[in-house]
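2 protein chains.
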Amino acid sequence: MHILITGGAGMIGRKLTERLVKDGGLNGQALERLTLVDVVAPTAPAGFTGKTDTFSTDIAAPGAAAQALAHRPDVIFHLAAVVSGEAEQNFDKGYHVNLDGTRALLEAIRQIGPDYHPKVVFTSSIAVYGAPFPDAIPDDFHLTPLLSYGTQKAICELLLADYSRHNILDGVSVRLPSIVVRPGKPNKAASGFFSGIIREPLAGQEGILPVDKDVLHWHASPRSAVGFLIHAAGLTREQLGPRINLAMPGVCCTVGEQIEALRRVAGDKVAARVRYAPDPFIKGIVAGWPRRFDPRRALALGFRAEAMFDDIIRAHIEDELGGRVPA
Amino acid sequence: MHILITGGAGMIGRKLTERLVKDGGLNGQALERLTLVDVVAPTAPAGFTGKTDTFSTDIAAPGAAAQALAHRPDVIFHLAAVVSGEAEQNFDKGYHVNLDGTRALLEAIRQIGPDYHPKVVFTSSIAVYGAPFPDAIPDDFHLTPLLSYGTQKAICELLLADYSRHNILDGVSVRLPSIVVRPGKPNKAASGFFSGIIREPLAGQEGILPVDKDVLHWHASPRSAVGFLIHAAGLTREQLGPRINLAMPGVCCTVGEQIEALRRVAGDKVAARVRYAPDPFIKGIVAGWPRRFDPRRALALGFRAEAMFDDIIRAHIEDELGGRVPA
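So the protein lines, in turn, are chains F and G.
Here the first sequence is numbered in the working numbering, starting from 8 and rising by one per residue.
Here the second sequence is numbered in the working numbering, starting from 8 and rising by one per residue.
Be aware that a few hints might be false.
No copy is singled out in the list; a pair is fine if it fits within one copy or between any two copies.
[Claimed, not checked] Here are the computed lysine to any residue pairs in the SDA-like style, where the Cα-Cα straight-line distance is at most 25 Å:
| id | residue 1 | residue 2 |
| --- | --- | --- |
| 1 | K290 | N174 |
| 2 | K22 | T243 |
| 3 | K100 | A71 |
| 4 | K100 | G70 |
| 5 | K22 | P190 |
Worth flagging that the hints you see were computed from the coordinates, not collected in a lab.
Next up, chain F with everything else stripped away, as it sits in the complex (with noise of 0.2 Å):
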């Protein structure tokens, strides 16, 4: 099997090249070929034996969706994009990454012809929903998105469905949950701080707390995230039909309650290092974003998240610092 990621790069994309090169294949097939495409080359996985191509490009870029398909991957996780903060603060690069590039890949794809039909697992978001909202999101919840990044995802969505229904490809996408505890450093998202608040004080400096601590979010793991883009490339087109974007399960509590949990897992000390500095961008956003959600269907098909925040502390403690709390 040959797998393409595009937006390889990211913290998804790495996080799911390991899992797969562990894994050593998917759906039961083994892996046999990697093709990791982002702005900046990925890097070759440690450890995997088949053959790995990595390379620079922008997906929108004229030929360079064709380029990434020349070898006809099976399987396409279509990670990059532009994240919300920076969607929203440069117009044309959010549009030009996140919707003409989606729609560029899309139409390679086509253009290769009817005997290639790969499995395409969109990462949309749930900035595709805007405010108001009723307490829990019903999977058939209308999208009026309040940033472009949600925008364009919606847009990318419609696009999928409507080329799977023309046969052209299989799609699915995946409507992540705010992603924490993103590792590394804070990135453009309007949502990094709810990753910043439990992995700074982690890593023993202060985590700058920009919204009310009643801010209630819908959060998961990379590793659950990792764990939903596999279980939807192993999804039939039976079992999706023709409503193949998917909200996504997760954790819902409040920012105050991510301290409270932070604080059981890793101590008074830790939780400490909170500090509260508002930020009325990011509150302003933020206050257009989803709280809860009721994904049935994800559920039914399948797809599972952490059962509490306590459990994506641990999990950020075992896949990013050894399984140690630092002192």
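Let chain F serve as the given structure and place chain G on it in line with the hints.
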């Protein structure tokens, strides 16, 4: 006031132009200038003393949208579209006109700069919805189109909302019911028969019914469609809020009830001219279409359609047949 109509040569475009000229203005401002564009040059309206520019163009072609906007229209009615049956059978043309054309128009508005901020009224469609449906579709029901046409309309709605949110323009879109009775010759819309079974019998000809009589659907007259567009142009941003894409009111009835209404309005002899000739392609498309709405927001905002199908037939007789049912 200067008004631009794209799709100005189409049925709704011509009726909208006539109505605007007859009213002499819009939103209390006198109509001074009209720009009418379409793939075939629209006819300049009779009886209009202001300036009219008409030209034929592909709105998606480079520079075409900028040309249409050269004199900075205050209000833009964006009606230009490839209809449902054609967009389904000609994938490239559908995306080119329905998606790229709209995006070109929105981008051309943006490129003019922050001093220009037109009202943009977009004709969307109930084809943005896809089965299965609840008995009556609520305003917050998700969009899962089952046609490329509906996909393209849903994408344009998302773009319009995002461009509005960025204060590039003031957008509003109306999801038109099936518009019956369409005058003139049948077009390639899969919904064409809903008109044909009324129009042809009234013209002394056979009306072909390609679906079963129990098919339930959602209708409004061309007169109501024009009314929706004009009403939408008068709504303020404050009235609309961020959710600018609105399902319109209509008449819900079965095809059998349509024929019974024809019998009541025009007599047995006319109603007997409907002939059942099943068409699996049309049946398949129509099976995924919405049947009934609960369009509370549109009603609260003052949109009005006919009360019953008899009124839709009478509107056709008044507007197209000089008020008389032919013998």
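*asked:* Checking each numbered hint in turn, tell me which of them this model violates, lowest number first.
replied: none
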